[in-house]
Structures are given as C-alpha cells and as structure tokens.
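Peer 1: Generate coordinates for the entire structure from the input sequences, incorporating the hints supplied.
Chains as they are written, first to last, in numbering that gives the first Met the number 0: chain A, 0 to 341; chain B, 0 to 341; chain C, 0 to 341; chain D, 0 to 341.
One thing to keep in mind: the hints can contain errors.
[Unchecked claim] Part of the chain A face toward chain C, derived, beta carbon under 7 Å:
id	residue
1	Y167
2	P168
3	G169
4	L191
5	A193
6	E299
7	V302
[Claimed, not checked] No farther apart than 25 Å at their CA atoms in a straight line, the calculated lysine to any residue pairs in the SDA-like style are these:
id	chain 1	residue 1	chain 2	residue 2
8	C	K135	A	D215
9	D	K308	D	D319
10	C	K103	D	N78
11	A	K211	A	R201
12	D	K161	C	C107
13	C	K161	B	A101
14	B	K103	C	K211
15	C	K211	A	V302
16	C	K161	A	D260
17	D	K103	B	K103
18	B	K229	C	N109
19	A	K135	A	Q23
20	C	K135	C	T21
21	C	K103	B	L165
22	A	K308	C	V189
Bear in mind the hints are in silico, worked out from the structure with no lab data behind them.
No residue lacks a Cβ here, since even glycine has one placed at the ideal position from N, Cα and C.
Protein chains: 4
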Amino acid sequence: MRAVRVHEYHSDPRIDDIPEPTIQGPMDVIVRVGGAGVCRTDLHILEGQWAAAMGPELPYVIGHENAGWVHEVGPGVTNVAPGDTVILHPAPSCGLCRACRAGKDMHCTNNFFPGLSNNDGGMAEYLRTTARACVKLDPSTNPADVAALADAGITAYHAVRKSIPLLYPGTTAVVQGAGGLGHIGIQCLVALTATRVVVVDRNPDALALAAKLGADETVVADGTHVDAVKDLTGGAGADVVFDFVAEQGAENDGWNMTARDGSYYVIGYGGELHIPTLDIISTERNIIGNIVGTYNDLAELMVLAQAGKVSLHTVQYPLDRAVEALHDLDAGRVRGRAILVP
Amino acid sequence: MRAVRVHEYHSDPRIDDIPEPTIQGPMDVIVRVGGAGVCRTDLHILEGQWAAAMGPELPYVIGHENAGWVHEVGPGVTNVAPGDTVILHPAPSCGLCRACRAGKDMHCTNNFFPGLSNNDGGMAEYLRTTARACVKLDPSTNPADVAALADAGITAYHAVRKSIPLLYPGTTAVVQGAGGLGHIGIQCLVALTATRVVVVDRNPDALALAAKLGADETVVADGTHVDAVKDLTGGAGADVVFDFVAEQGAENDGWNMTARDGSYYVIGYGGELHIPTLDIISTERNIIGNIVGTYNDLAELMVLAQAGKVSLHTVQYPLDRAVEALHDLDAGRVRGRAILVP
Amino acid sequence: MRAVRVHEYHSDPRIDDIPEPTIQGPMDVIVRVGGAGVCRTDLHILEGQWAAAMGPELPYVIGHENAGWVHEVGPGVTNVAPGDTVILHPAPSCGLCRACRAGKDMHCTNNFFPGLSNNDGGMAEYLRTTARACVKLDPSTNPADVAALADAGITAYHAVRKSIPLLYPGTTAVVQGAGGLGHIGIQCLVALTATRVVVVDRNPDALALAAKLGADETVVADGTHVDAVKDLTGGAGADVVFDFVAEQGAENDGWNMTARDGSYYVIGYGGELHIPTLDIISTERNIIGNIVGTYNDLAELMVLAQAGKVSLHTVQYPLDRAVEALHDLDAGRVRGRAILVP
Amino acid sequence: MRAVRVHEYHSDPRIDDIPEPTIQGPMDVIVRVGGAGVCRTDLHILEGQWAAAMGPELPYVIGHENAGWVHEVGPGVTNVAPGDTVILHPAPSCGLCRACRAGKDMHCTNNFFPGLSNNDGGMAEYLRTTARACVKLDPSTNPADVAALADAGITAYHAVRKSIPLLYPGTTAVVQGAGGLGHIGIQCLVALTATRVVVVDRNPDALALAAKLGADETVVADGTHVDAVKDLTGGAGADVVFDFVAEQGAENDGWNMTARDGSYYVIGYGGELHIPTLDIISTERNIIGNIVGTYNDLAELMVLAQAGKVSLHTVQYPLDRAVEALHDLDAGRVRGRAILVP
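Peer 2: Here you go:
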C-alpha cells in the first residue's frame, strides 16, 4: 500500500509502497483509511520536535487524525465488524488500568499514538488500531468529512465539556485563537451552554467566521485585547478563558483576562507562564490543563457533528499529494483543515 | 473438579465432579478459587426467584463473591499473570460500550454474572472470568479473608462513595440494617467522611457491633425508630439514609426519616415504596438506586481493606460442606459471612 | 390600594380596598406590582387545599408570581433602589441559615411565601417582600411580560439546570406535560444542553407548540406513550424524564419510561408512586425531587429571557378582572399564562 | 477600650485606649473579643506590604482571626443574640451579590476584612462585624481555644474540602509546609478522606508532629524531596499537592511533585511559578487557587473542632503584651499559634 513516511527529520516525507498492516493482537482492528487530517503537529514531527518524547524508529508513517472503514478485526473484537464506518480515537487505550476504568483514555498507562509514538499512522491506505479506538458512525458518513474531528475536534470538545458547570447563563467565556480548534470550541460552547462567547484573534477573517458560528463578541488581538475583554465584562474578566494559542505571550494575556474565581484553560502550547503565587491565591483563579479527550468525548462530538451542530471546513488532497498539503499548511495556504484522501 | 451445582429449584445443590473451565476468549482468565462467599442471594436462587430474570440452564455452579489466584490467562490478557492473587468484580464487563467507557461496569450492556446469569460461578475449585474482572492484590492476601468484599463489600462501598459530597461535617447519615452490608457501610462512612453515623437495627447485638465499628448513635428498630432519628436530628431527619433492608416496611421508614433536601439510598430490596409525589416535591427529597459497583469501587475498597479500615467477620466452611453453610445462613446461624474454601 | 383577597374557602376572592403595605424590617422592600401571574395553585388555595399546610389568616391577598418596580426600601437594603425594575423570587429567604449560606433559598428555614403563607401576595397594587427576593432587571423590561417566570419559570429552570451533567450529547430527555412549565422546560433544555428532547402530552396543540420551541420528537399521551418513548430510544427509555404532571398515573408512566441508570425528575404533583425497591436497585434509577429554585436560578433564567431564549405566551387581565382570570384558568380558557396588571 | 493599633508602618503597633465600636447598620454585631490570633499577615501589615492593596487609614486596629461573645446586635439580626459564643468569618459578606447567593463569601463584591481593610480588627476588647460573619458555638467553648481556626483554619479546610472528590482510596496527597495551616490541613485530610498523606517540611520537629497527627509518610525538604515523593508514588507524583509555602522555590517543587492528571493547590504565597504551557497540557495537570473559605466551611470546621478531630496548639498572651507576641512570632519563638486574650 501507499503510505507517507518520515525517513529523516528536517526533510519532506516520502510516499512509499509498504506492506499493509496486519492484526497483531486479539483486539486489533485494521481500518481502510477514508480521510487523514494534516495537523500542525505533523510539521513539528518533521522538524524533529517529538523525536525525544516519542522516539519512533524511522522510517514510519505519520497521520494521527483518522477515519475510515473497518477492514479486518482480531478475534476478541465485538464492537465493530468489517465494513463499518468509523472515526478513530487517536490513542488506543488498554481498558485495564485505573485511568481506563475511570474513562480517562488519554491517561491510560499503556496507550499508544499511531503516527506519533513508534506506531504507523493513518496517512496511508490502511491503519492498525484497536477496538477501543473505534467510534462507529452512521454508514452514510464520509470519513473524509469528519476525520479532522478525531484530534482537533476531540481536543476542543474535551476542554469545553469540562467547563460546562462553570458556564451558566450570565457568564462570559473567551476563546483565544479562532483557528481550527478554536472554531470547533466556539461551536461546542454554543451547542452545550448559554454562556456569552467572546472570541479573540489577530485575524479579522477568523473573527468574521467566529461571529457566523455564534460568537457574541469578537475582539482583535492588537495589544489592547486584555483591556477589551475587561471592558466587555464590566472590568471583571471572563469566567473561563480557553487558550488555543498559549504561546508568544498569549498565555499571559489569557491569564490576565481571567476573572476572580475564574479558570484559565490551557489547550495550545509553546509559551511559558510566569505567575506570582500571590496572584493565584488572592483571586482564587485556576489554571486547567487539557489534552486530547476521552473515547466518550469523541462519541459525543460525533453526535453533534451528525446533527450539524459542529462542522469544520476541509480541503481534500489525494494521498499522493501529501507533501504539497504539508507545504500548504506550513505556508498558511490551508483554510480549515487539509485532509488526505487515499 | 468439585463444584456446587443447582440441579433443580427448591432443592439443595449438589457437590459434583465436573471438568475444569477453559479459556474461551482472548481476555478470559481462569482463577483457582481461594474463597467463595455464601450470600442470601444464593438462597433466593435456590428458591427459583432469579430463574426468570437470569435464565441459567440447570445444572450450573453458583457463587458470585469470589477471590483466588490466577491459574491461566487468554492471549489478550496483560494485567494479570498466573500466580497473581486477585479478587473478582462479580460482573465481568466488555470494556467497549458507553457505560464501560464511562467506568460504569454494572451498566455494561454486555456483562455477565457468573453464578447468577447462565455462567458457572465460584463455589468450585476453578472459575472462568475475564481480565476486566480481576483486581490484583498484595500476594500475601488470603483470598478467603476478602472474598466477601467482592459483592457485599462493593455494594456497600459504592453507595457510600456516591454520597460523599452530601455528607460534610455537621450532617447525619442513617444506616438502616446493620448486617453484613451495613457493617461494611458503617466502616466506609467512618473512613471516607466525618458525618455523624446513626445505625438502626432490630438486633441489639448488631447495634453493639456497629458502635464498635464507629457508629455515633444506635437506635433499636422497635417501631419508634423513625421518631428516634427525628429526635437525634432536631426534628429534621437524616441528610442521607442508607437502607440496606428496603423490605417489610423498612422502605417507608427509611423515606420518612430522610430530611428535607436529603436523599434516601435504596440498597436492599423486597419491599414497595408508596410515596405521594407531593411529598417528593414539597421537600425536594431524592430516592437513589444503588447496584453493585464499578471496578474502581472494588479496587478502592481493597485499599481500605488492606489498610485495615474495612473488615468483615467470616466463618470458613470447606467446599464439601456448602449445603451446611447454606442451611446455616438460612437458619440465621452465620455470624458475619460464610466463606467456602476449596 | 386594590387587592385580590380570599375571604373564605370555596368562594371567589374579592377585590378589596386595603392599606398599602409598609416597611417592617431593615431589609424590606415595597414593590409596585407590574404583573402578577395567575397560577393553578391559586385555584387550589381557593379550594382550601393549602389551608392546613400554610395556615394563612383570612382574609389575605393571593398572588405569588410577581414582578414590578421598587417603591420603597428598608434602611439595610443596598442592592435595589426605588424605581428599579425587578422580578421577585417567590420565597424571600433569611440569608443566615445553612441552606441560605449554600445558596439553597428554597430550603431556608426562615423563608416565607407571600400569597401562600400568612403574608399578603402580589395580586394588588403593592407588595411587601425583601431585598433578598429582588432580581434587578433591565429598566426597559415590562414586568407583566416576565412575571410568569417568577414561579412557573424558576421551577422548570431549576429542574433542568440540575440535570445538565446527565444530558450530554447522545442522551434523550423526556418532558412529560407541555403546559406552561413544560414549555419553559423545553426552552431551557434547548438553551442549556444538546440532548434530544422528546415531549409527551395528551394535547396535539401543545405538542405542535413544543415542536416549534425545539422539541426533537413529540408523542401523544394516548396510552401507548411509554412504549413510544421506548421505541424512540432503542428500548432503553430516557436518560432523564421531567414529569410536569406527576398525577393521574402519569407518575408511574414517567418512572416506566426512565432508562437504566437514569433519573426521573418529579416537578408536578398530585399522584402517588408505587415502586418495588427491586425495580429501583436492579436498574440503579433515581427519583429526584424538585421545588421552586434558588435566587441564582431566577437570575440566570432572566438572562435567558432577556436574550430571547425563553419566553411564555401571556394574556393580560386588569387587576379588577382577577376573578374572571381565575375562572378562565379553571375552565381551561387561558392559553399560556394569565397575568394581572394593576 | 484597649486596642492594638498601627500608627505607622515599619514600627511596632501601640496599645491605645479608644472608644468601643458601635452598631452602624441593621445587620451589625458587636463582639466582645475572647481571643485574637496573631498571624504572619500581621507582620506583613506592619511592614506596609498590604498598604497599597487594602489602603487602611492609620491608625487602625489589626487582628483578623477572632472569636468571642456577642455583645450587641443591630435591629435586623436574627441569628445571634447578646451572650452567644461565636467565631467570626474574617470577611463579613453582603448576602446580596451573585457570589454570596452561591455561598462564596470570599468572592463577595462588597465584603470587608476587619484588621486588614479599612476597618478595625479584633486585637481589642470589642470588634464590629456583621450577622453574616457569626458562627454560633457551643456556649462552653472558650473563644481563645478556637480563634486561630477563624483564618488559618478556614483556609486549610477550604482547600482540603475542595479536593475531596480527587482523593479516593489509593491516591496520595502531599502537604508541603507543616506549620500552623499545614497541621490543620493534615488533620482535615485524615478526617475527610482515606488518601495517603505525605508531609514535606524542612523541620524534623514539624514532621514528627505531622506523623502524630496522622501523616502516613514524612519527607525532609532537603533538596531531594521531589524525588522522594516520586519514589513514594512509584514515580508518578502525588494526585494532589497542597502547597502551604509557595515561595522560595517551593512552588516549583510543588508543581514538579504533582502527578499526571493531578492538581497543585496553591495556598501559601510569595513565590512565582514558571511553567511551560507544554508541561500543563501534556500531563493535563491543574493549578488551583485557594483563598480563605466560605461561611459554611468555617461552620463545618467548627464541627470537626468540637468533635476533637482538628485542634491547634496555641500560646496565650494578654492583649497588653501584643507587641511581645508579634516579636516572638517574627523571631520564630511561637509554637503553634499566638492568641491575644483581652
């Protein structure tokens, strides 16, 4: 089969012809890929930024945002069968550790991350995953339309879902960064809460789209945006700030626009917080980490997607043009999410 | 191997010599039984009360409260290995349905209940269960000492754990029924909360033991006990009532001793509630169902047990004297819990 | 001033000319009534059904669903000033007991209920309440437009808000009884969750309106409705059932259409539940009481109302035609809510 | 009356003879002080560190940790009467804002802080507070014995109470800093949870006392303590770290000993966190602010205190020797808490 493989860091990946993956354990599932999202993390992988943390042996197949059709299942698999349309949780979990038994797949002590850890990913014709990663979809779903929700979507949904108890009517939520994840975050906020949604971004076009998706207020991140959020909230700041940027100073802006008794949700990364402990206690504010999401988060998000409440603009590229898609993403030429289609 | 099998209802079970169970699926685990609790539910099975609901083909092996040592594992099992000491969640769950993915094993849409459903139980030398039912114990643990926690224990723990947010200092909890489950419930309340614990039972000996285990107040259930609980709470009633009886009128007593804005936890069964909806809304009281518990509930309870915070008096019987143990239980001659030891 | 007073039970009230209420304590507030809702409870009061529970001395002014303008305040009042537009929590609370300190106004041990307890209500030109009952509104609000939210609205909102954690995407909620409260409940569910909303009512017109308000499915309560709900949920039943009827058998229907691990919310009243404790524990279902709501519930609901997300059809009657309004309500001639306007 | 007043910063306060406070509003309460705790914050006040934030006009009376007997009440006060023994929430709240209506007294938008804000505190014979600050105690309580719980106690209790859902059996909690607050925190953890308590401090004597109070493990903060906590937790770190120090590098130690999916509770202050956002998201850890506590927190803590579950060693000084007490505290000569007794 054809597959997009990294051979060395700081170089383009290559389209190789490699053997199809095979069932290795009783819970394994082979999926025929219908769509594989191209993510900024793929660019970071190519730059070698994940080499130390994940340590994959090169060459390996990238692609961690996948949907498709079940092709073959191991002897212990009971939840899906060949032919089923599925979207895949990015990190198949063991189902046996404490975290799994509490539903926290992303904290499984035995999970793996195809396309990121030392396991082939989904920019290929076929992918090996496990039964516990498969969310069954309506057969009429086109996998390429939803693949981007497997990683970008679940991450935004997870953060918003955790915040629901904080966002009762009369509160204000800020979404900082109205890119792919931010747009999904806005739609999730609108679907799941009645909070007022304020979106902050440098890009007026992104803000225009945010307004269409239901943002109540938009603020250009031009250096006066912390004050603008304060003005919109009677000086108090936002009850919850979702920071999809969290680098280049946005992280301290995000903290500074968080209200007393409020919570600053970190979702993006790259920057560094510098916060006096006095600021934390005198206002009793919280800083909340967020990473991917649970299997049930993804299943719930698919309910929203199939009801038309969450969608993401996508641009399809044939698998053979994967390098072009990566270059386009790097150059800022992709609107929404690039999806590879075998 | 020897096994205690029901051949027909309304008759004593027999000790048969049958083949050992074998691995049937990749996640299966064969356990050498070290202790099998004898439960009132076993008497109900023999009376045919569960025939319709569970429909086991006769003859079959009873025993749903088991601990022992891992004997053999299927090819997909990674959490336990032969020789490990384990206590078994009574209802092996699939790990793939929504309930399992939320950690709610007892609501698994595919679980089974060895010894109760159409699957052989643990009153035998060996038992077939699955990897997801095995809680690994310190190797020094004697399975016969803890087996009773696998069903009686988890059920009491589950109810108490759910109530923790309601039982802050200054509240009152009533435990109605200080038998095996009730005694575990009392110990869990003492270990997990600082609530005042009031125990209600007909039997003064049971109340004396309750006081030793940490009950703050004991009340004889002599017909004045609802008033007695009211008196102990300034007329208000208890914030949470745990009803381990829930039959023969206790269920209405339990409801009547529940305070405004309080919750009545049903754990026992057999009776019928008769409650005007006006009584429910005018006081905003809740009635909370409770059934078994999650895998993590059992794992947490074992932490308490191994720290000496929860224990249950047991009486051991050799497996061959299972019928005697059942007769003793039926006749009220067992103090604590009868445990069959192969 | 003119006021609608009950002089004897089983008779129409009379429009009397009585002195205006005066400030009696430092936190008192006199409100010029702008709208007073006519509620089914007022009919029950006239029938003497509340005489024993509330014991008001006759004659007294009824009307417990009120909005208007602040007319005069006691020396300790700091949150409102004469001229402010306000909607009134129906049960002014003390602010000093444990329940108040936890935000649970409806469980205040010292609250009173003007129009129901031995305190004059709002079917009059002026009403005495306290600072803690006043929710300040945008000055442009017409009190007559929102008065019905003070009791009918808060009650529906309170129940829905409590259920939010249970109603994630993929769940089903049933609203049984699509009258005034039910219609507000539907709108609150749509605003605050992404659950699927199924509405059950005998009246096809009410169902048609429910669909307009956002119900996903409607079911005629014709005796097959429990089965219909089961069919709509793959046989499982609803995760949450909101029973705004809870009499004449609806209460047992509501319980029977509640899914395993689900919750049956009682809001209406008049009937009696008959439930074997075995049914409660074997499915781990809950029965949840609901009464009025908190001050913050009312404040949050007003945010929804002012954003146009919750509204209720009203029919205005001049105060002098109060008896006609009561007769119309009794005869089923009122669509939505009758509001008296002084 | 005699009172300890600050006349200028960077100087000792003086014992002045000033008029007794008088009732100013209908909810005011004058308390005859029975005990006033001497807190490290008082030293910071004398150094002028709170001048900018609180802006009290000099001279003013310090002392924000008070208990005593009700002396006089305003006309609107119904919860206490002259002669009642009371402990005082340090920040009387309005009872009318959103935060108060949700029970969050410390986030009241109108509260004040006698002894810290521009209001006379409790190092005096009499103190003016309000009805909403008074927690009534058993008449036999000696106010001097419990006064330290009014600020040090409530702060530790509040943090521990918030963490209860995270600290199920099998988890580990670290208490960093076993001084006055830390000792109360340890006792609260033992009373309210079954978590394993690990205490970290530089001072072996403090650790010895911690062990007596129920700590399961103690670790000397000698530079290897982060590793020591990791070793005690199988490399994982603690589920919750309570940092009562949060300065001089302890804040980064505290963060570093927090496990994946864990929470770092900041209670002390003075230091500055430096945390890459990647560290927050990749492990999904949280940083939780904590400030004082709610009125109900204090009431609950008094239940624990009156049951003998929480106590703090105190050293009494006559009010006239306040300066000596402050000097002793500054010089590290006070064991437990210094209490001024008029």
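Peer 1: Looking back at the hints listed earlier, which ones does the structure fail to meet?
Peer 2: 9, 14 and 17
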